[in-house]
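Heads up: the sequence lines are chains A and B, in that order.
So for the first sequence, the numbering used here puts the first residue at 1; every next one is plus one.
So for the second sequence, the numbering used here puts the first residue at 1001; every next one is plus one.
Watch out, some of these pointers could steer you wrong.
[Said to hold, decoys possible] Part of the chain A face toward chain B, derived, beta carbon under 7 Å:
(1) A26
(2) A29
(3) S30
(4) G31
(5) V50
(6) A145
(7) D154
[As the list claims (entries may be wrong)] Think about it this way: if two alpha-carbon atoms lie no more than 25 Å apart in a straight line, the pair counts; the simulated DMTMM-like pairs of lysine to aspartate or glutamate are:
(8) A/K16 to A/E70
(9) A/K16 to A/D94
(10) B/K1016 to A/D38
(11) A/K16 to B/E1131
(12) A/K16 to A/E106
(13) A/K16 to B/E1130
(14) A/K16 to A/D38
(15) B/K1016 to B/E1006
(16) B/K1016 to B/E1070
(17) B/K1016 to B/D1071
(18) A/K16 to A/E6
(19) B/K1016 to A/D71
Hint data in this document are derived by calculation from the structure and do not stem from the laboratory.
Ideal Cβ positions, reconstructed from N, Cα and C, are used throughout, including at glycine.
Residue strings, one per chain:
2 protein chains.
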Amino acid sequence: MSELVERSGVPRATVKFYLREGLLPAGVASGPTQATYDETHLHRLRLVRVLVQVAGLSLAQVRRVVDAVEDTDADRYEALGRALGALPPHGAPDDPGLPRARAALESLGQVFDPAYPATAQLERALAGLEEAGIPLDGDRLRSYAAHVRGLAEDEVAAVEDAAGEPSVEAAVLGTVLHEPLILALRRLAHQDVTHGRGMA
Amino acid sequence: MSELVERSGVPRATVKFYLREGLLPAGVASGPTQATYDETHLHRLRLVRVLVQVAGLSLAQVRRVVDAVEDTDADRYEALGRALGALPPHGAPDDPGLPRARAALESLGQVFDPAYPATAQLERALAGLEEAGIPLDGDRLRSYAAHVRGLAEDEVAAVEDAAGEPSVEAAVLGTVLHEPLILALRRLAHQDVTHGRGMA
Chain A
1 MSELVERSGV PRATVKFYLR EGLLPAGVAS GPTQATYDET HLHRLRLVRV LVQVAGLSLA
61 QVRRVVDAVE DTDADRYEAL GRALGALPPH GAPDDPGLPR ARAALESLGQ VFDPAYPATA
121 QLERALAGLE EAGIPLDGDR LRSYAAHVRG LAEDEVAAVE DAAGEPSVEA AVLGTVLHEP
181 LILALRRLAH QDVTHGRGMA
Chain B
1001 MSELVERSGV PRATVKFYLR EGLLPAGVAS GPTQATYDET HLHRLRLVRV LVQVAGLSLA
1061 QVRRVVDAVE DTDADRYEAL GRALGALPPH GAPDDPGLPR ARAALESLGQ VFDPAYPATA
1121 QLERALAGLE EAGIPLDGDR LRSYAAHVRG LAEDEVAAVE DAAGEPSVEA AVLGTVLHEP
1181 LILALRRLAH QDVTHGRGMA
């Protein structure tokens, strides 16, 4: 346990709390008051920490993710869908029929699944652009979708193992931790693209 | 004023507050108690609304953006840099030297400007990945940067007028409102890329 606390940087009381809550599997008993923890525990601890501190999930939401990670009987892609569905942003769009998201995804030839949380997220983003008086036209939508798809293909490939199976844990961490990376790189690319045209 | 309230959907009391705070320019007096508002006012009102409600800016931060939009004497790219610098996320990285961001941007051959807020945003994103035990390697960084740059080039072109000058207002709205769009499309692209491999 001491090594786990030291290597993860997570306080002992927090590690014990996660153990009690079942978010971290118990160690292997190595004596009456001792247990051994391995790399699996360290990885799980980091996952739970990122979900709580970066993604801001509640314990119930963390449990949904952890359950999907541990559910090795399930198809890996089905488990992945469940885990990603537990991640924020949550929030209901004004129109439950998701008309903007449906039209956008159909025009792109992509899967339209109203139950997938990112579909409602797209609906809210498109509605926000309309409200601001700058609705997204079809050309801009296709431009965004094409660039983002290239990125997503590389990301999916990066979380698949040699057998083509995805690591649910790696996919969840990547979804949460790569979002701020992408947004930062985008603003820096704006700066770089306009550099030399006067922008500092 | 009634038309402005109706077309923008912003309550009259809020419009008056923005006028008093100088975030919305005064209308042109058309009588002792009447003023006329035009499209400029409607656009400004939508901008202020998005900055307050979507981006969560304080009034002082909104004023920095509005000042940059109104500063027509300034180079447009310089004004744009100032306006974008007022947008969240804010927050200081652990190491003010921004060593991770510097190394990343230098390896990409991009501008490294420690005073530009997105540079600190990149530093925090890279440090977060390290802490989670999944640091970004050079290949992944180049992959992200290449896809995001293609997207950023299209976005910069979309906010430039015929003379190649950027609209600061359009760039600010796009930065705030296109972020949720990009994140939603990315998650949907993950779903679409893995569709048929079992993921719902």
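We went through each hint and held it up to the structure:
no., hint, result
1, A26, "violated (21 Å)"
2, A29, "violated (26 Å)"
3, S30, "violated (24 Å)"
4, G31, "violated (28 Å)"
5, V50, "holds (5 Å)"
6, A145, "holds (6 Å)"
7, D154, "holds (5 Å)"
8, A/K16 to A/E70, "holds (19 Å)"
9, A/K16 to A/D94, "violated (42 Å)"
10, B/K1016 to A/D38, "violated (62 Å)"
11, A/K16 to B/E1131, "holds (20 Å)"
12, A/K16 to A/E106, "violated (48 Å)"
13, A/K16 to B/E1130, "holds (24 Å)"
14, A/K16 to A/D38, "holds (16 Å)"
15, B/K1016 to B/E1006, "holds (14 Å)"
16, B/K1016 to B/E1070, "holds (19 Å)"
17, B/K1016 to B/D1071, "holds (23 Å)"
18, A/K16 to A/E6, "holds (14 Å)"
19, B/K1016 to A/D71, "violated (56 Å)"
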